[in-house]
Amino acid sequence: MNDSKILEISNLTTYYYTSRGIVRAVDGVTLYVKRGESIAIVGESGSGKSTLAFTIMRLLPDNAQIVNGNIWLYPEKIDLVRLSNDEMRKVRGRRIGMIFQDPMTFLNPVMKVGDQIAEAIMYHHGYTKTEARRKAVELLEKLRIPDAANVASRYPHQLSGGMKQRVIIAIAVSCNPELLIADEPTTALDVTVQAEVLELLRRLIQELGMSLILVTHDLGIVAEICNRVTIMYAGKIVEIGETYSLYRNPKHPYTIGLLNAVPTIHKSSSEVGGIKGNPPDLVNPPTGCRFNPRCPYAFERCIREEPPLIEVNNDRAVACWLVV
Amino acid sequence: MSPLIFFIIRRLIQYVPMILVVIIVTFLLVRLAPGDPTYILVGEVGDESFVKAMRERLGLDRPLYDQFVIYISNVFRGDLGYSYLRSEPVAKLIVERIPATLLLVLTAMFISALVGIIVGTIAAARRGVADLTLSTLSIIGISIPYFWLGQIILIVFAVWLGIFPLGGMVSVGYEYQGLEYFLDVLYHLTLPAMTLAIFNIAFTTKITRGSVLEALTQDYIVTARAKGIPESRVVFRHALRNALIPVVTYTGFNTGVLLVGAILTETVFAWPGMGSLLYDSIRLRDYPVVLGIFIYGSIIVILANLIVDVLYGIIDPRIRLR
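Chain order of the listed sequences is C and Y. Our numbering numbers the first residue of the first sequence as 1 and each following residue consecutively. Our numbering numbers the first residue of the second sequence as 1001 and each following residue consecutively.
If we strip away everything but chain C, and leave its shape as in the complex, we get (with noise of 0.2 Å):
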């Protein structure tokens, strides 16, 4: 693995216009992916992690803007807020992929398989119909799906749920693209599912050698696949750092807060911990830091100043006035 970046994020601000005034949904946020690397973006729900990867994607719904900021992809380092719609289409499915939540809903349900899959090789490989059908049903058998001539030629309806989040994978990286993003790509699966398509998923980095954007609020699944973590509150990153450290040793009240809630199997339910509170309004965030209202540890300067992400040693910066 080299150290040479893949995708830079800088200063990225996206904002949902709502009826109830502007949702402040991604902040500010800065982060980068090295080539072959996974980072995870972790966060509830609400934080702005998912509006993130749509951003970056530039799928967003009508009513939020892209605000202020810049995502350059390299090795051209093009800025991907900036490009024009025609030349975003050529950047998506053929340069980064992205991996939904929901199986059930986010295929098709009146196109066959092997035809949603063949879709993307068709237009940015400019295969004919039949070489990129092959081309999918190649890709099925990669990921392990048994009889995959006859998977691609049925409808979503008359799969299962990790066989069409299977196929949602198959689409993603049908065109090798050198990022993936994968939007809480096992929440939606049954227990034992979700491990099986998550040993496919770290596979498929590993052999096609792409990078991993994975989102979730699952620790569980991160310590599994990524190297890096980014944890995310209200919009903004709070602590960012290599996996194992910040496991370890998290640095940040709301890190510190979100590894006590992961039950473990010598916790008793009753000492799980929590974080008291609920994740604030981004529509009126709190002043200062916008964790201060459930931090066990506030004082008067996180209401007053807002942290920056402060380096503390090389690999792991946080946002918090306790580590100055």
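Since the hints were derived computationally from the structure, they do not count as laboratory data. Please note that the accuracy of each hint is not assured.
To be verified - So the derived label-pair ranges between C-beta atoms look like this:
{"id": "1", "chain 1": "Y", "residue 1": "D1079", "chain 2": "C", "residue 2": "T105", "range": "52 to 62 Å"}
{"id": "2", "chain 1": "C", "residue 1": "T105", "chain 2": "Y", "residue 2": "I1140", "range": "45 to 55 Å"}
{"id": "3", "chain 1": "Y", "residue 1": "R1241", "chain 2": "C", "residue 2": "I78", "range": "29 to 39 Å"}
{"id": "4", "chain 1": "Y", "residue 1": "R1318", "chain 2": "C", "residue 2": "G21", "range": "32 to 42 Å"}
{"id": "5", "chain 1": "Y", "residue 1": "E1231", "chain 2": "C", "residue 2": "T105", "range": "49 to 59 Å"}
{"id": "6", "chain 1": "Y", "residue 1": "V1257", "chain 2": "C", "residue 2": "E76", "range": "35 to 45 Å"}
{"id": "7", "chain 1": "Y", "residue 1": "E1231", "chain 2": "C", "residue 2": "H125", "range": "13 to 23 Å"}
{"id": "8", "chain 1": "Y", "residue 1": "S1232", "chain 2": "C", "residue 2": "H157", "range": "53 to 63 Å"}
{"id": "9", "chain 1": "C", "residue 1": "I22", "chain 2": "Y", "residue 2": "E1214", "range": "43 to 53 Å"}
{"id": "10", "chain 1": "Y", "residue 1": "I1163", "chain 2": "C", "residue 2": "I22", "range": "50 to 60 Å"}
{"id": "11", "chain 1": "Y", "residue 1": "E1214", "chain 2": "C", "residue 2": "H157", "range": "16 to 26 Å"}
{"id": "12", "chain 1": "Y", "residue 1": "R1241", "chain 2": "C", "residue 2": "G126", "range": "18 to 28 Å"}
Unchecked claim - From the derived model, a few chain C residues whose C-beta atoms are all more than 12 Å from chain Y:
{"id": "13", "residue": "D62"}
{"id": "14", "residue": "P75"}
{"id": "15", "residue": "K77"}
{"id": "16", "residue": "M122"}
{"id": "17", "residue": "T128"}
{"id": "18", "residue": "Y155"}
{"id": "19", "residue": "A172"}
{"id": "20", "residue": "Q206"}
{"id": "21", "residue": "G288"}
What the hints assert, rightly or not - Cut-off 16 Å, straight-line C-alpha distance, at most; resulting in silico cross-link-like pairs (EDC-like, lysine to aspartate or glutamate):
{"id": "22", "chain 1": "C", "residue 1": "K112", "chain 2": "Y", "residue 2": "D1316"}
{"id": "23", "chain 1": "C", "residue 1": "K5", "chain 2": "C", "residue 2": "E76"}
{"id": "24", "chain 1": "Y", "residue 1": "K1092", "chain 2": "Y", "residue 2": "D1079"}
{"id": "25", "chain 1": "C", "residue 1": "K135", "chain 2": "C", "residue 2": "D115"}
{"id": "26", "chain 1": "C", "residue 1": "K90", "chain 2": "Y", "residue 2": "D1066"}
{"id": "27", "chain 1": "C", "residue 1": "K34", "chain 2": "C", "residue 2": "E76"}
In this text, a Cβ means the ideal position worked out from N, Cα and C, and glycines have one as well.
With the hints as your guide, set chain Y onto chain C.
For chain Y alone, kept in the frame of chain C given last:
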């Protein structure tokens, strides 16, 4: 294919009682209407014994339920009776005129489905000015009654501009054959088909627009966009295909409305179909012809719905034919 044929046969059997109900209801409805064919045949001041003889000849002197039993048993033997006025078998009268009506209705249906689906999809995909214009036009289209629209179209295109014939289905006195005949019919068909289609284009546009808009909010559209395929393909291949069920339902459902519209349109354009026959027959209380046309009409509507049922399965693989 055998499940499909099995499905069709089962449906056809289910339709028999439906047709029976149609016959009962229309038989009673026609008789509920005031007026008496006897007086139309013999005149208002006819001799009393002549009127009586005529009633006996037509069977109208018998009690209503007797008449009904006779009629229905004849119908099930394939005999729709004789026209009071034209002294010809009803079946012959209708069968002669059915092709003209079907040509008109199917053309209008085809045009409205094609144009309505394309326009509706474009309206849904391109919000803003285009959508507003098309939506406004379709509201206007829906609001215009056939008979008025037909007359206006006739005046503008046939009378003022003189580019289309005033009426009829073929040019009289030319005896065209082959391709020339076909083109001549097409030339005559243009205005009535346009009249009949406009309302439907408007309605199909509205339904398609709503349905495509709804489809475009679905998750699989995000997947399609994430593949980097052109937006036109996202809209027409992914969204439209999923949006088609309500459109097809409406089109099938609307066969009956189109048949009614055809009656008015045919009258305006002197189109020699079932519509003008029905119009005359209702006016002159020619009961057997009116009933015969209703029976044929209901069969057409039922067949249209059968086609819709089959189309469902083709459009959406999740809908299994049962």
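Going through the hints against the structure:
1. For the pair D1079/Y and T105/C, the beta carbons lie near 57 Å from each other, so the given range of 52 to 62 Å is met.
2. Checked against the hint of 45 to 55 Å, the C-beta distance between T105/C and I1140/Y comes to roughly 37 Å, which is inconsistent with it.
3. Between R1241/Y and I78/C the beta carbon distance is about 34 Å. The supplied range of 29 to 39 Å therefore holds.
4. The beta-carbon spacing between R1318/Y and G21/C, approximately 40 Å, falls within the hinted interval of 32 to 42 Å.
5. Between E1231/Y and T105/C the beta carbon distance is about 20 Å. The supplied range of 49 to 59 Å is therefore violated.
6. Evaluation of the 35 to 45 Å hint for V1257/Y and E76/C yields a failure: the beta carbon distance comes to about 59 Å.
7. Range check, E1231/Y to H125/C: about 20 Å between beta-carbon atoms, so the 13 to 23 Å window is met.
8. A C-beta distance of roughly 26 Å is found between S1232/Y and H157/C, which places it outside the suggested range of 53 to 63 Å.
9. Distance hint for I22/C and E1214/Y: a CB-CB separation of about 27 Å, inconsistent with the stated range 43 to 53 Å.
10. Distance hint check: the CB atoms of I1163/Y and I22/C are about 58 Å apart, consistent with the given range 50 to 60 Å.
11. For the hinted restraint 16 to 26 Å between E1214/Y and H157/C, the CB-CB distance of approximately 19 Å keeps it satisfied.
12. The beta-carbon spacing between R1241/Y and G126/C, approximately 24 Å, falls within the hinted interval of 18 to 28 Å.
13. With a cut of 12 Å on Cβ distances, D62/C falls inside the contact zone with chain Y, its closest approach being about 9 Å.
14. Distance check on P75/C: its Cβ is at least 19 Å (rounded) from any Cβ of chain Y, clearing the 12 Å threshold; non-interface status holds.
15. Residue placement check: K77/C keeps its beta carbon more than 12 Å from all beta carbons of chain Y (closest about 20 Å).
16. Listed as outside the interface, M122/C is inconsistent with that label: its C-beta sits roughly 8 Å from the nearest C-beta of chain Y, within the 12 Å cut-off.
17. Distance check for T128/C against chain Y: the nearest CB is about 16 Å away, which clears 12 Å, and the non-interface claim stands.
18. Distance check on Y155/C: its Cβ comes as close as 4 Å (rounded) to a Cβ of chain Y, failing to clear the 12 Å threshold; non-interface status is violated.
19. Interface exclusion of A172/C from chain Y breaks down, the closest Cβ pair being 8 Å apart, not more than 12 Å.
20. For Q206/C, the non-interface assignment is confirmed: its Cβ lies about 23 Å from the closest Cβ of chain Y, beyond the 12 Å cut-off.
21. For G288/C, the non-interface assignment is confirmed: its Cβ lies about 36 Å from the closest Cβ of chain Y, beyond the 12 Å cut-off.
22. A C-alpha spacing of about 11 Å is found between K112/C and D1316/Y, which places the hinted pair at or below 16 Å, so the restraint holds.
23. For the hint linking K5/C to E76/C, the alpha-carbon distance of about 11 Å falls within 16 Å, and the restraint holds.
24. Under the criterion of a C-alpha separation no larger than 16 Å, the hint pairing K1092/Y with D1079/Y is consistent with the structure, at around 10 Å.
25. Under the criterion of a C-alpha separation no larger than 16 Å, the hint pairing K135/C with D115/C is consistent with the structure, at around 10 Å.
26. The hinted pair formed by K90/C and D1066/Y fails the criterion: a straight-line CA distance of about 77 Å is larger than 16 Å.
27. For the hint linking K34/C to E76/C, the alpha-carbon distance of about 14 Å falls within 16 Å, and the restraint holds.
Taken one by one, the earlier hints fail for this structure at numbers 2, 5, 6, 8, 9, 13, 16, 18, 19 and 26, listed in ascending order.
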